[in-house]
Amino acid sequence: MQSTKKNRGEWSELYVFCQLILKNTLPFGDTNGRAVDNDFLTILKLAHDHEEAIFNRLKNGKLQIVKNDGAIVKELLISEAFDEGQLKIIFDQIRNGVGRTFNMDSFIPIMNKLNIQKFKGNSSKKADIWIGFDYQATIHDLDPMGIKSYAGGAPTLLNSSKVTNFIYEITNFTGSVNQVNAIESRSKIKDRVKKILAEGGVFTYTPSNDNVHEKNLRMVDSKMPELLAEVLIKYYRGDGCLLSSLVVEEQKIARFKDYLKAVVLGMFSSKEWDGNYTSNGTIILHDADTLVLYHVMKDKIFKDYFFSKTKLDTPASRNGFGKLYIENNKIYMKLNLQIRSI
Numbered sequence: 030m031q032s033t034k035k036n037r038g039e040w041s042e043l044y045v046f047c048q049l050i051l052k053n054t055l056p057f058g059d060t061n062g063r064a065v066d067n068d069f070l071t072i073l074k075l076a077h078d079h080e081e082a083i084f085n086r087l088k089n090g091k092l093q094i095v096k097n098d099g100a101i102v103k104e105l106l107i108s109e110a111f112d113e114g115q116l117k118i119i120f121d122q123i124r125n126g127v128g129r130t131f132n133m134d135s136f137i138p139i140m141n142k143l144n145i146q147k148f149k150g151n152s153s154k155k156a157d158i159w160i161g162f163d164y165q166a167t168i169h170d171l172d173p174m175g176i177k178s179y180a181g182g183a184p185t186l187l188n189s190s191k192v193t194n195f196i197y198e199i200t201n202f203t204g205s206v207n208q209v210n211a212i213e214s215r216s217k218i219k220d221r222v223k224k225i226l227a228e229g230g231v232f233t234y235t236p237s238n239d240n241v242h243e244k245n246l247r248m249v250d251s252k253m254p255e256l257l258a259e260v261l262i263k264y265y266r267g268d269g270c271l272l273s274s275l276v277v278e279e280q281k282i283a284r285f286k287d288y289l290k291a292v293v294l295g296m297f298s299s300k301e302w303d304g305n306y307t308s309n310g311t312i313i314l315h316d317a318d319t320l321v322l323y324h325v326m327k328d329k330i331f332k333d334y335f336f337s338k339t340k341l342d343t344p345a346s347r348n349g350f351g352k353l354y355i356e357n358n359k360i361y362m363k364l365n366l367q368i369r370s371i
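Under our numbering, the first residue of the sequence shown carries the number 30, and numbering increases by one thereafter.
Hints were generated in silico from the structure; no laboratory data involved. All values derive from a computational prediction rather than experimental measurement. Errors might be hidden in some of the hints.
As the list claims (entries may be wrong) - Okay, derived cross-link-like pairs now, BS3-like style, lysine-lysine, Cα gap no bigger than 25 Å in a straight line:
(1) K263 to K147
(2) K191 to K244
(3) K219 to K263
(4) K74 to K52
(5) K117 to K52
(6) K191 to K217
(7) K147 to K91
(8) K281 to K327
(9) K34 to K149
(10) K219 to K191
(11) K340 to K300
(12) K88 to K52
(13) K88 to K217
(14) K244 to K363
Required output: the full structure, derived from the provided sequences and hints.
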C-alpha cells in the first residue's frame, strides 16, 4: 500500500478492521452505547472486499489470507503485523488528523504485511466490512456490516444534499420577504423561521413527485415525508434537536425507528432504494477507543439505540435552503434535513 490521503471515516474503517483481527471478539452494545457483558461475537474471518481476499483468523494467534478462489496468499502471526500499542498510536493520529483528508504513513507497513493495496467501502452499499463469526454456537458467514466512528466527532447518519431539502408553502404571512431573507445571524435559518411564524406564517409541506429521497422515504412508510417535514419545523423553530424530544407519540416513534434503521442499513438519500438492506449491523467506534455492535439479531436494541442517540443538525446553506422565494405568486421556503449521532 502506497501513501494516500483518506478522510477520518475511511481511516477509521481500516482501524476497525485491524482491531477486529487483533481482538478476536466483538461485543454487542446496549441502548446507552456501552458493551454488554458476556454477549459477543467470536470472529472467525474478515473481509474488506470479499471478492478480493478473506482473512481467516486461525488458532494460536495466526492469520491466513486467502484469495476468493481459495488459494492461500499468506500465513503470519498477527503480532508480526501489528500490536495493540501501534493501533493506539494510529487511533490518536486519526482523531487528531488535520484537514478533511490526510496521510497516515504509520498504516503503510501494516497494510503491506496484510497484503492490502487499497481499502475503501462500496459507495452503493452500507456495508464497510464483512465478518464471519460464531454466535451462540451458530456460524455466520461473511455478514455485511457498516462502521460509524466518533474519532474526531459525532458521525452523520444522513448527509445533507439538495435532495434532502423539504419544500414548504408559506401562507397567512403578513411580513416582508426581503426582511426575512436579510436576517444573517449565527442561527439565521432558525431565526428566519421564527420571524415567519411571528408574522403569522403557516408552513405546509409540499410533496414532490420526482424527488428520489421522498420516494425512498415512502418505502419506509407512506407518510414518512410528512412526518419528517413536521419534525423539521419543530427543529428549525427551536423546539430542540434530539429526535427523542421532537418525536414523542408512540406510533410516530415506531415509524422513526424504522426510518433510522433504513438509513443506517440500506437507504441512501440520492439513490433510488428498493427497500432492502445491504448491511445487517453497524459497528460503533467510540472516542474512548472501544468497539460495540448493533445488529438486526437484536432489533429492539438496535432501534432504541439509534433513536435515543440521534439529533437533527443544520447543514451548510450551500444546498440552497433557508430563504423565502416566490413562485407562481406563492411564497415558499426550503428546509434541509441532516441527521447526526450524539
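Hints, verified against the model:
With a C-alpha separation of about 44 Å, the suggested pair K263 and K147 falls outside the 25 Å cut-off, and the hint is violated. Taken as a hint, the K191 and K244 pair is honoured in the structure, with Cα atoms around 15 Å apart against an allowance of 25 Å. Taking the CA atoms of K219 and K263, the gap is near 10 Å; set against the 25 Å cutoff, the hint holds. Note on K74 and K52: the hinted pairing holds, with a Cα-Cα distance of about 12 Å set against a maximum of 25 Å.
For the given pair, K117 sits about 13 Å from K52 by alpha-carbon distance, which is consistent with the 25 Å threshold. Straight-line distance between C-alpha atoms of K191 and K217 comes to about 19 Å, which keeps the hinted pair within the 25 Å bound. Between K147 and K91 the alpha-carbon distance is near 22 Å, which keeps this suggested pair within the 25 Å criterion. For a cut-off of 25 Å, the pair hint linking K281 to K327 stands: about 21 Å separates their Cα positions.
Our distance criterion of 25 Å between C-alpha atoms is met by K34 and K149, whose separation comes to about 12 Å. The suggested pairing of K219 with K191 holds, with an alpha-carbon distance near 18 Å, which does not exceed 25 Å. Taking the CA atoms of K340 and K300, the gap is near 23 Å; set against the 25 Å cutoff, the hint holds. About 13 Å separates the Cα atoms of K88 and K52, which keeps this hinted pair within 25 Å; it holds.
Restraint check for K88 and K217: not satisfied, since their Cα atoms lie roughly 59 Å apart, outside the 25 Å limit. Under the criterion of a C-alpha separation no larger than 25 Å, the hint pairing K244 with K363 is consistent with the structure, at around 18 Å.
Against the hints set out earlier in the document, violations occur for numbers 1, 13.
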